[in-house]
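Novice: The sequence shown begins at 1 in the UniProt record's numbering and counts up by one.
Treat the hints with caution; some may be incorrect.
[What the hints assert, rightly or not] Here are the simulated lysine-lysine pairs, DSS-like style, with alpha carbons at most 27 Å apart: (1) K190 to K64; (2) K188 to K67; (3) K190 to K67; (4) K11 to K67.
If you're looking for bench data, these hints aren't it; they were derived computationally from the structure.
None of the values given here were measured: they were computed from a predicted structure.
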Amino acid sequence: MACLYGIAFMKQTYIGCGVILTVTAVWYVFYTTFLEDNTLNSVGWIVFVGSILLGLLVGLLFSKMPKPGSFFLGAIGGFCLGTLLFNCVFYLTNSYWTLYSMSLGLALINGLVTLYQSEALLIHSASLLGSYLLMMGIGMLAGEYDNPFIILDLIRFEEKKHVDPGFYGYFAGNIVLYIIGTFSQYRKLKQLKASRRLAFRKNGLN
Numbered sequence: 001m002a003c004l005y006g007i008a009f010m011k012q013t014y015i016g017c018g019v020i021l022t023v024t025a026v027w028y029v030f031y032t033t034f035l036e037d038n039t040l041n042s043v044g045w046i047v048f049v050g051s052i053l054l055g056l057l058v059g060l061l062f063s064k065m066p067k068p069g070s071f072f073l074g075a076i077g078g079f080c081l082g083t084l085l086f087n088c089v090f091y092l093t094n095s096y097w098t099l100y101s102m103s104l105g106l107a108l109i110n111g112l113v114t115l116y117q118s119e120a121l122l123i124h125s126a127s128l129l130g131s132y133l134l135m136m137g138i139g140m141l142a143g144e145y146d147n148p149f150i151i152l153d154l155i156r157f158e159e160k161k162h163v164d165p166g167f168y169g170y171f172a173g174n175i176v177l178y179i180i181g182t183f184s185q186y187r188k189l190k191q192l193k194a195s196r197r198l199a200f201r202k203n204g205l206n
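All chains, full assembly: derive it from the sequences and hints.
Specialist: As structure tokens, then:
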């Protein structure tokens, strides 16, 4: 939905943004600090459900405060772009520094720019996020979708030298969906503006 209709359903998009941001943050902390080989599956499910509920609260706050919501939506879009670029070619640097500087740098830049070029960047960020999540979900089920962190570990342990060729098919699908989503949202934005102008004229006549 975010890919095709994000600009038309901004409150729902902000809520989704809050869920994604919170779940990612909670699971990152969980995996890097508390997760052990003997951790019960039930603990993982509790953390997962709890992170979603917390994410819904964060998303509701974003929907009530569009400025922070716009910043974080733009930031997530920039982060997705950074990881895609890293997976395509910059993984060859074999450097976590490159991954973090690209993904977090683009996240910060895109988030800040979105605050001042709201409509255009929101459309592009929502389209990129939606296409990224869809292709990543398909890739995780079908296989050959490389996680950038796993890529670096495999390269460092000399178990892999390049990303799986199938990833570039997912990347192409990502670009196609992004273009379709952006076109769809600009068209929807044009319709929304026309509806607002018509409503304004009717109110003026009344």
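Novice: None of the hints should be skipped; say for each whether it holds.
Specialist: Verification of the supplied hints:
1. K190 to K64: Within the cut-off at roughly 24 Å; holds.
2. K188 to K67: holds (21 Å)
3. K190 to K67: Holds - the C-alpha atoms of K67 and K190 are around 22 Å apart, at most 27 Å.
4. K11 to K67: With a Cα-Cα distance of about 12 Å, the restraint between K11 and K67 holds, given a limit of 27 Å.
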